Amino acid sequence: MAYALQQLINGVALGMIYGLIAVGYTMVYGIIGMINFAHGDIFMVGAFISLISFVLIAMGGWAAGPGAILLVLLVSMAVTALYGWSVERVAYRPLRGSFRLAPLISAIGMSIVLQNYVQVAQGARVKPIESLVTGSLELWHGNGFAVSISTMQAMIIVVTLLVLAVFTWLVTRTPLGRAMRACEQDRKMAGLLGIDTDRTISVTFVIGAALASVAGTMYLLRYGVIDFYIGFLAGVKAFTAAVLGGIGSLPGAVLGGLLIGLIETFWSAYFSVQYKDVATFAILVITLIFMPTGLLGRAEVEKV
Amino acid sequence: MTIQRRTLVGATIAAPAILAAGRASAQAGTVRVAVAGPLTGSNASFGNQMREGATQAVTDLNAAGGVLGQQIALETGDDACDPRQAVSVANQLAGRQVKVVAGHFCSGSSIPASKVYTEEGVLQISPASTNPRFTDEGAWNTFRTCGRDDQQGTVAGKYIAEHFRGRKVALIHDNSAYGKGLADETKKAMNAAGVTEAIYAAYTPGERDYNAIVSRMKAADVGVIYLGGYHTEAGLIIRQAKEQGMNVTLIGGDALVTNEFWQISGAAGEGTMMTFSSDPRKRPQAAEVVARFKARNVDPEGYVLYTYAALQIWAAAAVKAATVDPRKVADAMRASGPWQTVLGPVSFDRKGDVTVPDYVFYVWKNGNYAEMS
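Residue numbers (our numbering), protein chains in the order written: chain A, 3 to 306; chain B, 8 to 380.
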């Protein structure tokens, strides 16, 4: 029981990071109907910008306390958002209205560009950072097994929930969110009603990138090691999460992220660790056979 | 448009070829040797160690007049510890007619690359690949200046059985040729000494979150983790284990002998132990070469001197055989010896393994590792 609870905590903390990245996939899909394959690499860029900011702060001689982490989070969100905006501007907007596969291919190209850019600029070797958030809290002691949640795991869960709450408010309660939802439903009509659709799409990319950068910062703080290639695996997992939850659905992305995190963790906990990815993807396939639109996705109505 | 693009592609392909040709003619009358290992990727620090060792060896050999009157030119190959890339690097190096390759690093790369070298007639001396299969397949061209996993695992297995009696042991590995080989050999030796492991499991390398397997070990009340794998995952696993409040000692193989392990593990790495040969930097034969490395601001840690020795032995054997023909040099390497190297005298057995490997334990303390007394 205690063991299962510990694994639950591990799984939720991991799933939250996947969920944060998955939101970016699902948002872009919802609004322009394409998979932004560069999103995983935006996450990686976010992690690198956090790393650079931490190093700069350390060089500036400021103590690495909660204030520093907040500052890094904000800087990383701002800079990564700029990346998100530029990616859309450079690689997707010129291709809007072109055939369906064009932006997809350009997304894959963008992903390769970002990876190689970071590899060249930052080097191919893994970049470690010291643990900044240490300590853990013992929650419960049962049968000689102490269930603990590390400060970092708690922080990931709290920050993710906070960011998602702000984001949900943004989408459901603000004029900007209304514009985004309108573009999602019918871009042409939204344009006719005076919504600047190009700007709305840009904002979607900016928000997605900012969320990915939060995930990047958390990832960096949690695991302490990043390299230019982390975006690939995290991106694939988050994309899976978005599909599992129902691509286009925001709560679905978070749910999918949590599920993937939990499946991976519990499979490793009770079965063979090396087959956990097989298990994850098998469950994805089975879900899609019975629920082709994912768990919370809506069936797309083909307009004639 | 199409034509333009085709010319462009043509030019891109042709340009390096022309460059390569230019270089080839400029270096006529030289012998080519190569160092191959992971210069990028998560094991890049080891590749760098190998390159430093090879560069210095070639400089020193050339300063002493080269080999059989010919100067030596060094080529480098980057396999990123990827078996497929290792094969293509091996083909490239063979195409450049290198006589000997000091490499590769990962056993998983060395073994497939050795097939190419065997066919193409290139001598291969690995300074780091410890998987028994590398030399067990009996090819004429495979040698190593390091020990073997069965030797390393025996030392580790015996030690665990003797010193950690009463504590539960977990054996985990990354499913690589090196990691699994090491874990299996350790298991064999440990079981023979009457200790059975509580957990034997594989983990997926390249990930960052190992909390699930850590919790599993915690639930099994594990006190000792023997890890067959590389330093990145080892650092993450011990860090996450300490975070979960485990009181555990990590024991690993020679792949933890890099300062990057500590950068990843941080203070959690304190007390981590690993098997490695007794520090070659401290041997009297190495003093002069170590001073030369230090003058260049390079710390000859880890595999630097093993790579240096590989090329040193090759040069000496070539002189003995009076030719750089790889087959004859290989015969000389086996038949003659012991070779005087920075590692001390080295002889090879019929398979190409060093005859007297010495594995001792090292321990991490305060960000440095030292031989355990």
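Rather than coming from a laboratory, the hints here were simulated on the basis of the structure.
Note that the structure is predicted; figures quoted are calculated from it, not measured.
Treat the hints with care, as some may be off.
Simulated pairs of lysine to aspartate or glutamate, DMTMM-like, Cα-Cα distance not exceeding 25 Å [claimed, not checked]:
(1) Lys129(A) to Glu277(B)
(2) Lys129(A) to Asp365(B)
(3) Lys327(B) to Asp85(B)
(4) Lys175(B) to Glu132(A)
(5) Lys122(B) to Glu308(B)
(6) Lys122(B) to Asp89(B)
(7) Lys187(B) to Asp279(A)
(8) Lys372(B) to Asp279(A)
(9) Lys289(B) to Asp306(B)
(10) Lys327(B) to Glu308(B)
(11) Lys129(A) to Asp228(B)
(12) Lys327(B) to Asp306(B)
(13) Lys358(B) to Glu126(B)
(14) Lys301(B) to Asp89(B)
(15) Lys289(B) to Glu277(B)
(16) Lys129(A) to Glu126(B)
(17) Lys372(B) to Glu308(B)
(18) Lys358(B) to Glu277(B)
(19) Lys195(B) to Asp143(B)
(20) Lys187(B) to Glu127(B)
(21) Lys129(A) to Asp85(B)
(22) Lys129(A) to Asp356(B)
Here are the simulated distance ranges between beta carbons [as the list claims (entries may be wrong)]:
(23) Asn118(A) to Pro212(B): 18 to 24 Å
(24) Ser343(B) to Val57(A): 48 to 54 Å
(25) Gly35(A) to Glu127(B): 33 to 39 Å
(26) Gly278(B) to Leu235(A): 49 to 55 Å
(27) Leu106(A) to Asn98(B): 47 to 53 Å
(28) Gln78(B) to Trp87(A): 34 to 40 Å
(29) Val94(B) to Arg300(A): 35 to 41 Å
(30) Glu277(B) to Arg300(A): 51 to 57 Å
(31) Arg140(B) to Val115(A): 37 to 43 Å
(32) Gln292(B) to Leu84(A): 32 to 38 Å
(33) Tyr207(B) to Pro177(A): 46 to 52 Å
(34) Ala123(A) to Gly278(B): 56 to 62 Å
(35) Ile291(A) to Ala199(B): 55 to 61 Å
(36) Arg290(B) to Leu84(A): 33 to 39 Å
Don't be surprised by glycine CBs; every beta carbon is placed ideally from N, CA and C.
Hint check:
1. Lys129(A) to Glu277(B): Distance ~20 Å between Lys129(A) and Glu277(B) Cα, so the pair holds.
2. Lys129(A) to Asp365(B): 33 Å, violated
3. Lys327(B) to Asp85(B): 31 Å, violated
4. Lys175(B) to Glu132(A): 30 Å, violated
5. Lys122(B) to Glu308(B): Violated: Lys122(B) and Glu308(B) sit about 29 Å apart, past 25 Å.
6. Lys122(B) to Asp89(B): 15 Å, holds
7. Lys187(B) to Asp279(A): Between Lys187(B) and Asp279(A) the Cα gap is close to 20 Å, so the pair holds against 25 Å.
8. Lys372(B) to Asp279(A): Roughly 36 Å between the alpha carbons, so the hint for Lys372(B) and Asp279(A) is violated.
9. Lys289(B) to Asp306(B): Holds, at roughly 12 Å.
10. Lys327(B) to Glu308(B): 30 Å, violated
11. Lys129(A) to Asp228(B): Measuring from Cα to Cα gives roughly 32 Å; hence the hint is violated.
12. Lys327(B) to Asp306(B): Violated - the C-alpha atoms of Asp306(B) and Lys327(B) are around 31 Å apart, more than 25 Å.
13. Lys358(B) to Glu126(B): Holds, at roughly 17 Å.
14. Lys301(B) to Asp89(B): 31 Å, violated
15. Lys289(B) to Glu277(B): Holds. Lys289(B) to Glu277(B) sits at ~23 Å (cutoff 25 Å).
16. Lys129(A) to Glu126(B): 39 Å, violated
17. Lys372(B) to Glu308(B): Distance of about 16 Å is within 25 Å: holds.
18. Lys358(B) to Glu277(B): 38 Å, violated
19. Lys195(B) to Asp143(B): Judged against 25 Å, a Cα distance of about 18 Å means the pair holds.
20. Lys187(B) to Glu127(B): 29 Å, violated
21. Lys129(A) to Asp85(B): 19 Å, holds
22. Lys129(A) to Asp356(B): 41 Å, violated
23. Asn118(A) to Pro212(B): 18 to 24 Å: 23 Å, holds
24. Ser343(B) to Val57(A): 48 to 54 Å: About 53 Å separates the Cβ atoms of Ser343(B) and Val57(A), which means 48 to 54 Å holds.
25. Gly35(A) to Glu127(B): 33 to 39 Å: 51 Å, violated
26. Gly278(B) to Leu235(A): 49 to 55 Å: 31 Å, violated
27. Leu106(A) to Asn98(B): 47 to 53 Å: 34 Å, violated
28. Gln78(B) to Trp87(A): 34 to 40 Å: Between Gln78(B) and Trp87(A), where Cβ atoms are some 55 Å apart, the hint is violated.
29. Val94(B) to Arg300(A): 35 to 41 Å: 48 Å, violated
30. Glu277(B) to Arg300(A): 51 to 57 Å: Given a distance of about 53 Å, which is inside 51 to 57 Å, the answer is holds.
31. Arg140(B) to Val115(A): 37 to 43 Å: Holds, at about 39 Å.
32. Gln292(B) to Leu84(A): 32 to 38 Å: 57 Å, violated
33. Tyr207(B) to Pro177(A): 46 to 52 Å: Violated, since Tyr207(B) and Pro177(A) (Cβ atoms, about 59 Å apart) do not stay within the stated range.
34. Ala123(A) to Gly278(B): 56 to 62 Å: Violated: the Cβ-Cβ distance is about 36 Å, outside 56 to 62 Å.
35. Ile291(A) to Ala199(B): 55 to 61 Å: 49 Å, violated
36. Arg290(B) to Leu84(A): 33 to 39 Å: 54 Å, violated
In summary, the numbered hints that this structure violates are 2, 3, 4, 5, 8, 10, 11, 12, 14, 16, 18, 20, 22, 25, 26, 27, 28, 29, 32, 33, 34, 35 and 36.
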